[in-house]
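Residue numbers (my numbering), protein chains in the order written: chain A, 192 to 488; chain B, 449 to 793; chain C, 221 to 537; chain D, 1453 to 1782.
Fair warning: there could be bad hints in the mix.
Derived pair list, reagent style SDA-like, types lysine to any residue, alpha-carbon separation capped at 25 angstroms [as the list claims (entries may be wrong)]:
{"hint": "1", "chain 1": "C", "residue 1": "LYS499", "chain 2": "A", "residue 2": "SER318"}
{"hint": "2", "chain 1": "A", "residue 1": "LYS374", "chain 2": "D", "residue 2": "GLY1774"}
{"hint": "3", "chain 1": "B", "residue 1": "LYS591", "chain 2": "C", "residue 2": "VAL247"}
{"hint": "4", "chain 1": "A", "residue 1": "LYS327", "chain 2": "C", "residue 2": "VAL247"}
{"hint": "5", "chain 1": "B", "residue 1": "LYS540", "chain 2": "B", "residue 2": "GLU552"}
{"hint": "6", "chain 1": "D", "residue 1": "LYS1525", "chain 2": "A", "residue 2": "SER318"}
{"hint": "7", "chain 1": "C", "residue 1": "LYS445", "chain 2": "B", "residue 2": "PRO527"}
Just the calculated beta-carbon pair ranges, DEER-fashion [what the hints assert, rightly or not]:
{"hint": "8", "chain 1": "B", "residue 1": "GLU529", "chain 2": "C", "residue 2": "ILE518", "range": "47 to 53 angstroms"}
{"hint": "9", "chain 1": "A", "residue 1": "PRO433", "chain 2": "C", "residue 2": "PRO285", "range": "32 to 38 angstroms"}
{"hint": "10", "chain 1": "A", "residue 1": "TRP390", "chain 2": "D", "residue 2": "GLU1596", "range": "39 to 45 angstroms"}
{"hint": "11", "chain 1": "C", "residue 1": "MET353", "chain 2": "D", "residue 2": "LYS1525", "range": "50 to 56 angstroms"}
{"hint": "12", "chain 1": "D", "residue 1": "ASN1585", "chain 2": "C", "residue 2": "LEU229", "range": "23 to 29 angstroms"}
{"hint": "13", "chain 1": "B", "residue 1": "SER730", "chain 2": "D", "residue 2": "LEU1539", "range": "32 to 38 angstroms"}
{"hint": "14", "chain 1": "D", "residue 1": "ARG1572", "chain 2": "C", "residue 2": "LEU229", "range": "21 to 27 angstroms"}
{"hint": "15", "chain 1": "C", "residue 1": "ILE525", "chain 2": "B", "residue 2": "ASP541", "range": "22 to 28 angstroms"}
{"hint": "16", "chain 1": "D", "residue 1": "THR1732", "chain 2": "B", "residue 2": "SER730", "range": "19 to 25 angstroms"}
{"hint": "17", "chain 1": "C", "residue 1": "ARG456", "chain 2": "D", "residue 2": "GLU1596", "range": "53 to 59 angstroms"}
{"hint": "18", "chain 1": "B", "residue 1": "ASP541", "chain 2": "C", "residue 2": "MET353", "range": "31 to 37 angstroms"}
{"hint": "19", "chain 1": "C", "residue 1": "LEU385", "chain 2": "A", "residue 2": "GLN446", "range": "16 to 22 angstroms"}
{"hint": "20", "chain 1": "C", "residue 1": "PHE361", "chain 2": "D", "residue 2": "ARG1572", "range": "43 to 49 angstroms"}
{"hint": "21", "chain 1": "A", "residue 1": "SER368", "chain 2": "D", "residue 2": "ASN1585", "range": "53 to 59 angstroms"}
No lab work stands behind these hints, which were simulated from the structure alone.
Positions of the beta carbon are idealized from the N, C-alpha and C atoms, including for glycine.
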Amino acid sequence: MVKTSDSVEPSSVDTARIQLPYWLAGLLRHRLSVIGGSFILFVAFLAVFAPLLTGFEPTEVDPPNRFLRPSFEHLLGTDYLGRDQFTRLIYGARISMVVGIFSVVIASFIGVPLGLTAAHFGGWTDSAIMRFIDAKLSIPGLILAMMLLLMLGGGVLTVSIALGINLSSAQARLIRSQALSVKEREYFHAARAMGTSNWRLILLHMMPNSIQPVIVQASLGVGFAILGEASLSFLGLGVTPPTPTWGNMLSLAFQYMRSAPYLLFAPGVAILLLVMSFSFVGDGLRDVLDPRLKGKI
Amino acid sequence: MTTQTNTENDAAASADSASTILEVKNLSTQFRTRAGLVKAVDDVSFSVKEREVLAIVGESGCGKSVTALSVMGLIPTPPGEIVGGEIMFGGKDLLQASDDEMQEIRGGQMGMIFQEPMTSLNPVMTIGKQVAEPLRIHLGLSKAAARVRAGELLSLVGLPDPLEKLDDYPHQMSGGQRQRVMIAMAMSCEPKLLIADEATTALDVTVQAQVLELLIRVAEEFGTALIIITHNLGIVARYAHRVNVMYAGKIRESGTAADVYKNPGHPYTAGLLSSVPSLMQSTSGKLQSIEGEIPDLTDLPSGCAFGPRCPYVQDRCRLEDPPLENVGDDHISACWESAQFRGTT
Amino acid sequence: MTRYLLSRLGQSIVVFLIVSVVVFFAVRTVPQDPIYALVGEDAEGYTPAQIETIREEFGLNRPLPVQYMSWVGDALKGDWGLSFQNKLPVIDLIKKRIPFTLTLAVGAMAISIVFGISTGVIAALTRNSKWDMMATGSAMFAVAVPEFWLALMMILFFGVTLGILPVYGAVLIWDDPIEGFRLLIMPAFALGIGGAATLMRQSRSSMLETMGEDYIRTARSKGVKEKTVIIVHALRNSLLPVVTILGLRIGRVLGGAVVIETMFSWPGLGQLAVSSLQKADYPVIMAIVMFSSAAVIIANFVTDIAYSYIDPRIRYA
Amino acid sequence: MSMTTSTRSVLDIRDLQVHFPVNRGVLFIKNKGAVKAVDGVNLSIAPGETVGLVGESGSGKTTVGRAIIGLVKPTGGVIEFEGNNVLEMNSAALRQFRRQVGVVFQDPYGSLNPRMTAERIISEPLVAHHLFNSKQERRARVQELLEIVGLNAGMASRYPHEFSGGQRQRIGIARAIASDPTLIILDEPVSALDVSIQAQIINLLDELQDRLQIAYLFIAHDLSVVRHASDRVAVMYLGKLMEVAPRDAVYDNPLHPYTKALLSAVPVPDPEIEKKRERTILTGDIPSPTNPPSGCVFRTRCPIADEACAESIPELREVTPGQHVACLKV
């Protein structure tokens, strides 16, 4: 749009408000978000009702039936111990979903307060927090996660914590930069001039007006966390066997690549589609919540 | 809108066609926005004579800037689109011109200065290169010659140390200096027409005066006609020969500045003039204001768009949009009640 | 500009110091006493006295802050201690592996930059065309695809099925350019494609934003040809945010290298990291983290220099 | 030095200084010089009076307003509110002071929190100062305020984006008067509005002043608006006051060369007057406040400056009754 005094776009800031029906309506108009959202719900359904959807146990070994090709009985075939791949896939979905969501929740609980504190108090507090975050960011994410796992031990919760700590710095940086711009807005000055307390300033003025990109980032973050968990499990460092995860399924498939290449596909495609779905929803949220970027990304 | 007015305009134009350099006929420009279709400029006709200073005045959303951008062929498409009309310039209809032809006209025969001095210059390119660019494109000057000429132009617009400024970047300059650079750039090829779109709105009063005086001086020196787009009624009074008053996408009144200010032909113009407090004498009590709000362009009232805010509104105004009609010598206005309104003023 | 760069340098040093403190204390507060990494899980065949001797030999009996100071002091002199696993100097292990990781990282970054920026700019300029759709669509795909799975697919297709590319090992490109290159293609591609997607999205949105700026309109009002508007006025401005992303990519590439190097038996730092972590070989782990963190910090610093070179607003600040 | 004419003033600013440090240095921040945004300003406002504070960018007029309401910390001077120095108040007194001083900002889009309804925005000062403690009382007060500023009480549940620019400014004004202030700082209250809406808001402010007996500090750059709205006018340039006088004196008989130039730079919407007016066009730009000229800060652009002006800083002194001018040549 033309940036002139008589801009013809009727107050584009308008759409920035956050009201549940509004953004949901916006999302529902965003075609890819609907596709992504539906797929996420589908995977969630599989994960929750996994025991009802299959006749096998995920860790049930059946040596005579090892390396079976996909068939009616074994939809996706069996692995080197004769375990049913479809069963392992839907049980693996539980790990991916739980780790993805836990990580982001942890990241937000660390990142949002850090970012808001840095922005609101500024000065030394800000510098200290930001240098610390820079330091954290300078350690390659996967290496950091591996170190944390070494300290904390493997498992769903520790993997989520490791990945959550990883994602938290992006959250902190993002909300800090948003909050800094809120700090320059006149409504914030007005509230300060009235003598509004620090708590009210942060919770009523700063946070609601800077949280949007964090929400967008969170939905993208779920995808990153799913990828991260898969990588860690692939390396044998995340959630440890025999619990099935998409990452350790692929790790096994890698070892038996020549004898059973079909094992390589389903977990990979599942990760890809689930991560893509979260990024569709994230893009949709961005379009709805931040009209400035509409259609640009 | 009305053929009657158009033929009158045509007649006026052809009588004096030797000196008319720009003629806009029935221009309509629309934008598709999420809120709906915006008729930013709706059936606008006007002309500019050689060396004339025309002001287009109005409040936000009136369509004054979109008119200018339409003339320059700079409407971003999509979402904007010129849906009708003619823009005659140098014997050619610009709306039919090819991209190459338009590029030749822009910056060569027609220049434009924008509102925001801080963002209108390329931040990573030196001032010298930016001023030299039109010289190289339109006059075919060599790099060295263009640089020399750019230095001359910078000194013409009154920048101190013009030769050193050639290698400076925009962020090293003040807003006033940047607007001077914009003038140097827009005037570099001595265009026939220069459009200044709120060119001094962002500047301080004392700097605004400097830049406006400079603009007028350079335009006179180069024989360039000016279209000044502004919301500042004082600027119009000081510099314009003619004035078009726009409201909600349409020209509501047009005439010589002296005539329009002394004897406004439209209740909107009159309301606008009386809304501005006086600098020359102290007033107290209520200012005469126009009641209500500027209408939403996606949802204009029926009939005359000014109707809902107009103190003289009649039933007819709510049904039919009034055409532009003569209200005096070289003075037109679009108001059903203009006779009655002017009688009471 | 000197002042700007000096202040960035100062910040980088502070950040690096924080990393060293955090890494040191994080590794040393591991629930497990590092001595057991040295002598084995159950310290079989060692008497308590012997363990104490080893503890002393490796300086593990001193207070932590003292150990930290001596670790930093020695590290600055190039002495990173001995690997617990094979008692070799850590610095030698690292030195041997740096060229491999560097080759891989440069290859991956090159793929990211070449594919990412060009497709991003083209997509922006042909907005909503079929090129844009294709580029945007493949970027969506590439951002979401796990790099190790992409690597698996490539190994399966090019290595196993077609047999046209080697799937195992590494030769330095200056030792054997052809074989080195053939070995590099798949890992570099697997590692670089995610970055390409990120850069594509970033440069597309940045280009679109730039094309809407006032100075682009100014250039058009001067009669500048559209091609020149893009190349001269828009490109450089729109690359500014892209450069920032580039600096951040290094960290992602080094992280990703951990998986990719393991898969392709690429003898770089990532592979060393995995094997050291599995063996809790602390001196090596600390050295790897410090080296990769240094690489990221240096990359960011170089980005700052590049940025200030492109953007005169910083150069003359 | 003091130019306080009324002993009974709401606000009395004496020798106010706001200097922002310019930080240099790499690891250790060194303080090198300062931007003297406000440098020795004296100003008083009587109850129910409107003082116009005009100046161009960099003049420090906005900083004066922000210093009063505590958004920036003065580096020197005294801000006295009803006889007590605001800068030395304890928190209870400060709370009371904040209740009695309202503020209206320029940007009708930026000055209202987009996530709050009009009701919550207007009741913010009531909550902050524990006024009208029951929910019903507060709601009734908000509706009363909405009607006072010319809005429909039914609009209370709307969000800022559902209002036009003028309506938003009305909400901002309702918020400012909610806690019954005796002084309101108006920081460019109409400059972002269209001409026809400006007049409505100016009228509203006038009306409220008559009704509620509020004093205004009217900070603006539009000289016509300031003339209409003010009883007295103070002209600032580069952090210092150039001239302070009753409005007619400033506009009809300006004494400071800067005031004269400023007035002559404003075009008047009347072609006939414009033809006859003589104008002084100042040369050059406003100097940077980081590095202001020695002596009189205006001397670099002043048509009558000489060497003396570079040497001594002119004090603000009463030249004709009530008219204070800071110029060696007057």
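Each hint tested on the structure:
no. : hint                                     : result
1   : C:LYS499 - A:SER318                      : 37 angstroms, violated
2   : A:LYS374 - D:GLY1774                     : 40 angstroms, violated
3   : B:LYS591 - C:VAL247                      : 62 angstroms, violated
4   : A:LYS327 - C:VAL247                      : 15 angstroms, holds
5   : B:LYS540 - B:GLU552                      : 13 angstroms, holds
6   : D:LYS1525 - A:SER318                     : 21 angstroms, holds
7   : C:LYS445 - B:PRO527                      : 21 angstroms, holds
8   : B:GLU529 - C:ILE518: 47 to 53 angstroms  : 51 angstroms, holds
9   : A:PRO433 - C:PRO285: 32 to 38 angstroms  : 43 angstroms, violated
10  : A:TRP390 - D:GLU1596: 39 to 45 angstroms : 29 angstroms, violated
11  : C:MET353 - D:LYS1525: 50 to 56 angstroms : 55 angstroms, holds
12  : D:ASN1585 - C:LEU229: 23 to 29 angstroms : 56 angstroms, violated
13  : B:SER730 - D:LEU1539: 32 to 38 angstroms : 35 angstroms, holds
14  : D:ARG1572 - C:LEU229: 21 to 27 angstroms : 47 angstroms, violated
15  : C:ILE525 - B:ASP541: 22 to 28 angstroms  : 52 angstroms, violated
16  : D:THR1732 - B:SER730: 19 to 25 angstroms : 22 angstroms, holds
17  : C:ARG456 - D:GLU1596: 53 to 59 angstroms : 57 angstroms, holds
18  : B:ASP541 - C:MET353: 31 to 37 angstroms  : 36 angstroms, holds
19  : C:LEU385 - A:GLN446: 16 to 22 angstroms  : 20 angstroms, holds
20  : C:PHE361 - D:ARG1572: 43 to 49 angstroms : 45 angstroms, holds
21  : A:SER368 - D:ASN1585: 53 to 59 angstroms : 38 angstroms, violated
Consistency note: the structure conflicts with the earlier hints numbered 1, 2, 3, 9, 10, 12, 14, 15 and 21.
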